[in-house]
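Enquirer: The residues making up each chain are set out below.
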Amino acid sequence: MRDRAWILLGLGAFLLLLSSPLWWNMRARAGLKGPDLVSPADQKDCVLPAHEMNVSHMQLLLQWRDKVVRQEIHSFKAYDGKVYDMRLSGTCLSCHEKAKFCDRCHAYVGVKTPYCWDCHIDPAQTRPALARRSPQ
Amino acid sequence: MKISRKQFLKLTGASLLTLSGGKLWSALAYAGQAVAHPVQLIRGKQLAMLIDTRKCAEHPDCTGCIEACAKAHNIPSFKNPAHEVKWIWTEPFENVFPTEETRFMPAGLKEKPVMVLCNHCDNPPCVRVCPTGATWKREDDGIVMMDWHRCIGCRYCMAACPYGSRSFNWVDPRTALGDLNPVFPTRTKGVVEKCTFCPERLAKGQLPACVEACSAGALLFGDLNDPASAIRTQLETQRTIRRRPELGTGPNVYYVI
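First to last, the sequence lines map onto chains G and H. Going by the working numbering, the residue at position 49 of the first sequence is 49; the numbering climbs one at a time, nothing skipped. Going by the working numbering, the residue at position 78 of the second sequence is 78; the numbering climbs one at a time, nothing skipped.
Chain H with its partners taken away, still in its complex shape:
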């Protein structure tokens, strides 16, 4: 059989297209997936917290929740702010809600201390960037959990978290700890840590340490997916705000101002 130069080129082109077609198709399909908004399907509960800053403000010197958390989780207290490790702490209103600022605000609101902690987001950016799977969103209760055994200290999660909820252990935390709580581990130098909503307490049917310690009742903890829960009732009966919802992270810590 004789084949002309033109026919040969046509055949080669067609074969190449057929061979690469599958790959091209899968690449396009993958690009489509990556662009689609990554909405996570939540199967079980979504644990959340409602912080009533009005009740907090009634007790300006109260640090009960912070102390209870520090004691429960062996959180070191470094004097050097660069070494600070924080799970739950206060920040001025203007820093917590930068977009809520108006020209004429009630006196003192800008400086008003607001409790902040990990938001246990619906779509946590920290989880997406973690290269080792040391942080993940638990499917059954929505907690953004950490496995300190697996954390390699790359701090991608700290860069990804828009709320600054994560701290890095620059120094061995045991050098800045008083009495240790023997039932909870400390962390080691080179590991990232944050609030975990106390899964070790939830497993025993207890509330998170901060919620239990709050005598003012400013912290309400519960399941957002349960229509009968107290937190759902509260969210449905009063106006609440979240930190930077425009980012699409879906924070699960709500505030009453």
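Bound conformation, chain G alone:
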């Protein structure tokens, strides 16, 4: 039992090495900065609570698409009772800026820009003056 100290030291070093990814990640996450998103200045409520939009905006957009195109339903009653037109360019992008909101988050999480924009138009490209909704 003369080598007890060495064995314990070695074991400790081994455990430290084994758990190093955890430490490394904790350290990295401490200095982590999220995507620099620009939220609409004059609007606080979205069609769903923010955390739900974070995780399920894609399903919502697909539902909107099918409702408008295939079921002829055009308005969406939000959780707070407000009624919205189900339109990507007309409603979503009347508050959000594609470049500073959609694209930045997609780039941050490494999600490919979806092909929505192959057809749907970013209003900022066609009418810069109206891209941001000015408070009236």
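Watch out, some of these pointers could steer you wrong.
With a cut-off of at most 20 Å between alpha-carbon atoms, the simulated SDA-like pairs for lysine to any residue come out as follows [what the hints assert, rightly or not]:
#, chain 1, residue 1, chain 2, residue 2
1, G, Lys100, G, Ala41
2, G, Lys77, G, Glu52
3, H, Lys189, G, Pro114
4, G, Lys44, G, Asn54
5, H, Lys204, G, Val69
6, H, Lys71, G, Gly90
7, G, Lys67, H, His59
8, G, Lys67, H, Lys189
9, H, Lys112, H, Glu100
10, H, Lys204, G, Phe76
11, H, Lys45, G, Glu72
12, H, Lys71, G, Lys112
13, H, Lys204, G, Thr91
14, H, Lys204, G, Val83
15, G, Lys112, G, His57
16, H, Lys137, G, Trp117
17, H, Lys204, G, Ala30
18, H, Lys189, G, Glu97
19, H, Lys204, G, Arg87
20, H, Lys137, G, Arg70
21, H, Lys204, G, Gln71
22, G, Lys67, H, Gly205
23, G, Lys67, H, Met145
24, H, Lys71, G, Asp122
25, H, Lys189, G, Trp117
26, H, Lys189, G, Thr113
27, G, Lys67, H, Asp147
28, H, Lys110, H, His59
29, H, Lys55, H, Glu91
30, G, Lys77, G, Gln63
31, G, Lys44, G, Cys102
32, G, Lys67, H, Val256
33, H, Lys110, H, Thr53
34, G, Lys67, H, Leu202
35, H, Lys112, H, Leu202
Think of the hints as simulated: they come from the structure by calculation, not from any bench. All values derive from a computational prediction rather than experimental measurement.
Start from chain G and add chain H according to the hints.
Expert: Frame of chain G; chain H shown alone:
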């Protein structure tokens, strides 16, 4: 129990017939269905258009409806005719109504430009051939609608449509578009498109863009199933023709020549 060879064969035959009888019956019944004329039951409205070519002819240089449609739906204008995308356009009378030709026709009638667009048929052949359900006939208003999200660009519908009402995007349409209308999407390369009777405007209580733009009043739009509609009154008081009704597609665009 002893069974003779003859009895065995009889029994086998009878059993096989019984087993296959159900399938045979359903196959025959299905064949009967397929042969029957597929008349569609229209539950709600049937939106239709009446085009008065006489009023059009009074304004030979007018392209108001075509321009309004192009602007409303972001329709590209390609110089190469092979890439053309058309929703509403003009064709010479002889091409629009090939069976209306007679030996001695009024001067200029053959060449007379006639507005053409999707006929929103009662029995649309394009809908029957679409493998993805990207085009369908709406039950409540009879519009032959398109879902560009679902179109895979196989162009079966273009082959099926006897009126040439559908166009294919061979090239990215955004390369041939000037000012974009931000409230309506463009299409993408590899998608078929055509006139949709403006359901996005109808939903807001507006008339189709072409009808609204026509200052000559040559385009009349309405519900054929409503006996009190203006289009019904017009159809019942004057002689109108449709494009190639002999095909059985039941076109819903009517013409006064």
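Enquirer: Would you pick out the hints that fail for this structure and give their numbers low to high?
Expert: 7, 8, 12, 16, 17, 18, 32, 35
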